[in-house]
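The listed protein sequences correspond, in order, to chains A and B.
Residue numbering for the first sequence follows our numbering, beginning at 228 and increasing consecutively.
Residue numbering for the second sequence follows our numbering, beginning at 16 and increasing consecutively.
It is possible that some hints are incorrect.
Restraint ranges, calculated between C-beta atoms of paired labels, are given here [to be verified]:
id : chain 1 : residue 1 : chain 2 : residue 2 : range
1  : A       : 374       : B       : 54        : 30 to 38 Å
2  : A       : 437       : B       : 138       : 48 to 56 Å
3  : A       : 393       : B       : 156       : 24 to 32 Å
4  : B       : 57        : A       : 510       : 53 to 61 Å
5  : A       : 397       : B       : 26        : 28 to 36 Å
Honestly, the hints are just simulated from the structure, not real lab data.
All C-beta atoms, glycine included, are put in the ideal place defined by N, C-alpha and C.
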Amino acid sequence: MPRLAEPTAVQPVESAMVPRLFRLVDRRQDTADTFTIVLEPNDGVPLAFIPGQFTMLSAFGVGEVPISVSGDAHVAGPLQHTVRDVGAVTHALARTAVGDVMGVRGPYGTGWDVADGHSRDVVFVGGGIGLAPLRPAVLEVLAHREDYGRVVLLYGARSPEELLFVDEMKQWEDQGMEVLVTVDYGRESWQGRVGLVTKLIPRAGFDPMSTLALICGPEVMMRHTALALVGRGVRSNRIRVSLERNMRCGVGLCGHCQYRELFVCVDGPVLPYAQVTGLLGLREV
Amino acid sequence: MRTIEQYLPDHPFFEGLDAPTLALIAGCATNISLAAGEYLCHEGDAADHFFVVRRGRVAIEVHGPASGTLVLDTADEGDVVGWSWLVPPYVSTFDARAAEASGVVAFDGACLRGKCDSDAHLGYELMKRVTQVMNGRLVAAQLRLLDLYGGPGATDASPR
Numbered sequence: 228m229p230r231l232a233e234p235t236a237v238q239p240v241e242s243a244m245v246p247r248l249f250r251l252v253d254r255r256q257d258t259a260d261t262f263t264i265v266l267e268p269n270d271g272v273p274l275a276f277i278p279g280q281f282t283m284l285s286a287f288g289v290g291e292v293p294i295s296v297s298g299d300a301h302v303a304g305p306l307q308h309t310v311r312d313v314g315a316v317t318h319a320l321a322r323t324a325v326g327d328v329m330g331v332r333g334p335y336g337t338g339w340d341v342a343d344g345h346s347r348d349v350v351f352v353g354g355g356i357g358l359a360p361l362r363p364a365v366l367e368v369l370a371h372r373e374d375y376g377r378v379v380l381l382y383g384a385r386s387p388e389e390l391l392f393v394d395e396m397k398q399w400e401d402q403g404m405e406v407l408v409t410v411d412y413g414r415e416s417w418q419g420r421v422g423l424v425t426k427l428i429p430r431a432g433f434d435p436m437s438t439l440a441l442i443c444g445p446e447v448m449m450r451h452t453a454l455a456l457v458g459r460g461v462r463s464n465r466i467r468v469s470l471e472r473n474m475r476c477g478v479g480l481c482g483h484c485q486y487r488e489l490f491v492c493v494d495g496p497v498l499p500y501a502q503v504t505g506l507l508g509l510r511e512v
Numbered sequence: 016m017r018t019i020e021q022y023l024p025d026h027p028f029f030e031g032l033d034a035p036t037l038a039l040i041a042g043c044a045t046n047i048s049l050a051a052g053e054y055l056c057h058e059g060d061a062a063d064h065f066f067v068v069r070r071g072r073v074a075i076e077v078h079g080p081a082s083g084t085l086v087l088d089t090a091d092e093g094d095v096v097g098w099s100w101l102v103p104p105y106v107s108t109f110d111a112r113a114a115e116a117s118g119v120v121a122f123d124g125a126c127l128r129g130k131c132d133s134d135a136h137l138g139y140e141l142m143k144r145v146t147q148v149m150n151g152r153l154v155a156a157q158l159r160l161l162d163l164y165g166g167p168g169a170t171d172a173s174p175r
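My request is simple: use the sequences and hints to build the entire structure.
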């Protein structure tokens, strides 16, 4: 398959603020409120990104939202985003149809740097829509499966109906990934686990002393997950989290996403847990 | 399959208990096999047992008039189910159903309470362990009250 060139590290600010035009070529409804859109650039130049980065997606006339890329970073092809319909802009994006045009700025921010897990075990922990930003990293690790030790995905969602990428998870298992899933609430017909995602940590097969752990989900979930991983023996500097803040400009100018000394859009979204341990528990910054 | 006496020393719930204490506890225990769908206990029943899951999966359920049956938690291999046997009036507060074919060790609560009453050390050790299970469930319930994954607080500023 064709490979993309490495993304450029820094864009001039002026061009970084101008969206490129992308056309919707496919759309999939994942759950009742979450959908995946597949976008082709109007200028024909694929958007290169590293797993963990986000773009600013524009619904023209409505606004812009930061959305992590959920597609494969190493295959030249359309851009993929998995979006939850929770506000005016995402609702406008949810109503787009094949052929519609939207704006894309970016990619922005830091990535998961999964290559740092070479020769080690890699543990992905996703909560809800947080599995979408992890997906490119999962695909990267599975594309180079022999470079890693044990690979584990621990995934929690509110209910069985809200689990993402269910069919794909079966393929990931076939590719040598241990997948453990839990939901917060289930009906009698649900045969799987019910409980917090942290409950899966003692059950997963990995060596905590040689593990890279990548966590993405709501902040409370990430905080408790990181504590549980540290409790099992994973070093805090081997744990990464993806933070969510009110990203607006994407290039560290506007300050909307400032998190004490950090600008999440440029210093993050992916940050070492050791760097933000004290911040995650704060009520206000 | 190992006997109950052989199984208990390796189980985290019983970790640190000496051999005579474990023998005392094992004297109140029996192995039970369950077909999928069979119930270990029902809400409102006398809580005369607690259970350690050896294989399979047990669903902890509650029922509401509007919500129907809701699975609040599942217990897999090694997990402990039930603490009402230690708390008056000794009545189960949930249903426990085998979500798949399962095997559990059932501990007779009345038998253990009697031994705890006459052996304060055993009583304290079991109370510490049961409290840990209760604490885990309480923390899990607190976090789930936040409705982490689907809360109304989600906005376009944080859609992922």
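Evaluation of the provided hints:
no. : hint                       : result
1   : 374/A to 54/B: 30 to 38 Å  : 48 Å, violated
2   : 437/A to 138/B: 48 to 56 Å : 42 Å, violated
3   : 393/A to 156/B: 24 to 32 Å : 26 Å, holds
4   : 57/B to 510/A: 53 to 61 Å  : 42 Å, violated
5   : 397/A to 26/B: 28 to 36 Å  : 32 Å, holds
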